[in-house]
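Given chain A, work out where chain B should sit, using these hints.
Residue numbers (the working numbering), protein chains in the order written: chain A, 1 to 218; chain B, 1 to 190.
Certain hints may be false.
Derived list of chain B stretches under chain A, where covered just means 3 residues or more per stretch with a C-beta under 8 Å from a C-beta of chain A [claimed, not checked]:
#, segment
1, 33 to 41
2, 67 to 77
3, 81 to 91
4, 127 to 140
5, 145 to 156
6, 163 to 169
Simulated pairs of lysine to any residue, SDA-like, Cα-Cα distance not exceeding 25 Å [claimed, not checked]:
#, chain 1, residue 1, chain 2, residue 2
7, B, K92, B, Q73
8, B, K85, B, M30
9, A, K143, B, K174
10, B, K122, A, K152
11, B, K181, A, Y54
12, B, K175, A, K152
13, B, K122, A, T208
14, A, K143, A, T208
15, B, K174, A, L16
16, B, K85, B, S75
17, A, K152, B, G20
18, B, K92, A, I64
19, A, K152, A, V206
20, B, K122, A, V206
21, B, K181, A, S156
Treat the hints as calculated values from the structure; they're not laboratory data.
Glycine residues also receive a C-beta, built at the ideal position from the N, C-alpha and C atoms.
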Amino acid sequence: MSEKAFSNRRDRLEALLPFFLNGTLSGAELREVEEWLASDPDAMASLAEAEGEYSAATASNEAIRPPADALARFSQALEREAGRERAPAPSLRERLVRLLPSMPVQAAWVAAGLALAILVGQTVWINMSGTEQFSVAGADREKAPFAFVTFKDEASMAAVSAALAERGLEIDSGPLPGGLYRVLVPATSVAQYDEIVAGLERAGVVETVVTGRKPTDD
Amino acid sequence: MSGGAGETSDAELVARVGRGDRAALRLLFMRHHTRVYRFVMRQTGSETMADDIANEVFLEVWRQAPRFEGRSQVSTWLLGIARFKALSALRKRSEDALEDGQAEALADTADTPEVMAMKDDKAAALRRFVDALSDEHREVVDLAYYHGKSVTEIGEILAVPVATVKTRMFYARKKLGEALKASGYDRGWP
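Next up, chain A with everything else stripped away, as it sits in the complex (with noise of 0.2 Å):
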């Protein structure tokens, strides 16, 4: 088939007139277009017409509803494609709550009061290094500029949250599927972004930082 099927100007028009309305119209023909809608009444008719085919293939796509898991499933058949990834580390609290029932009452009071201890002398070293600590309302969270960040086996979790106070950061939620964790970055220009992100993705603990948000500079 080719454009030599149109049987006359009107029709070849109709033709582009899709992509007049999805923006991907350029150069001559999208010109040609625009005139014929400036000067042609039956051509604003059309445009309306075209716009219900949009509304109409639109609702269509939207109404199918991937299934909620894909994301993890990918992620399991991704390891089954490229080797097993090493499960992230146990989190402090996790390590402690399999530590817990296994010990006798005693020693599991004394374990309890060695974690506080080692909590609130790292809440002390983090506030007496002077690093000023980034925090946002709950309201700018949504639009905090962030990243994805997944950290090494290895790294223990005073080292995860000693590589990320230094720099000002906070774990806003994960792990999503995979290990990847969201990460506010407290940064006011893209600039501050870039340096905080490089400077994060030479620390020992983590194994890649994926850009997400920036901030936009006005």
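Only chain B this time, still in chain A's reference frame:
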């Protein structure tokens, strides 16, 4: 989709996938899976096939990423892979059906799209007519209207010349107009 302002572009993510970065592939999956799934679902009409093929598309990205040259948009590349895999799966399904002696078409006892349209408002009727277009017409309509692809990009995805894309779009829109007219809805063209 190539990521909003300030976000890593799709092409950058593919480059990272090419270096073995699984997190980058997962991010690419999060960005594009829904559209790929919907595209395959429209092609095959099967949720199971759409699910399997959409996964396969991204595994193919894992395999092919080192060779991606960035001549087309990543989303166009993904849809091209998806279409090829969907057509292969459909061909295999049809061969299997023939082997199993199940080639007889099921009798369609439902109303025709025109009769159903009498019961709908115009927007619902138009949606029904879009769904009832032939595969070759519906895919250009979906690719232009829902996926926002240009004539050239659709040509790449379908592996046909741009002139063919335009004529398919022309006949698809003509059929929609005729179906609306037959159902009593006024339309100036065709």
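To see whether the hints hold, each was checked on the structure:
1. 33 to 41: n = 5 at 8 Å, threshold three: holds.
2. 67 to 77: violated (count 0)
3. 81 to 91: violated (count 0)
4. 127 to 140: holds (count 4)
5. 145 to 156: Three-residue rule met by the segment 145 to 156 of chain B, so holds; n is 7.
6. 163 to 169: The restraint on the segment 163 to 169 of chain B holds, since 6 of its residues have a Cβ under 8 Å from chain A and three suffice.
7. K92(B) <-> Q73(B): Given that 25 Å is the threshold and the Cα spacing comes to 29 Å, the pair is violated.
8. K85(B) <-> M30(B): Judged against 25 Å, a Cα distance of about 20 Å means the pair holds.
9. K143(A) <-> K174(B): With a Cα-Cα distance of about 45 Å, the restraint between K143(A) and K174(B) is violated, given a limit of 25 Å.
10. K122(B) <-> K152(A): 57 Å, violated
11. K181(B) <-> Y54(A): 18 Å, holds
12. K175(B) <-> K152(A): Answer violated: K175(B) to K152(A) is near 57 Å, above 25 Å.
13. K122(B) <-> T208(A): The hint is violated at about 51 Å.
14. K143(A) <-> T208(A): 23 Å, holds
15. K174(B) <-> L16(A): 13 Å, holds
16. K85(B) <-> S75(B): 15 Å, holds
17. K152(A) <-> G20(B): 15 Å, holds
18. K92(B) <-> I64(A): 24 Å, holds
19. K152(A) <-> V206(A): Holds - the C-alpha atoms of V206(A) and K152(A) are around 6 Å apart, at most 25 Å.
20. K122(B) <-> V206(A): 56 Å, violated
21. K181(B) <-> S156(A): 69 Å, violated
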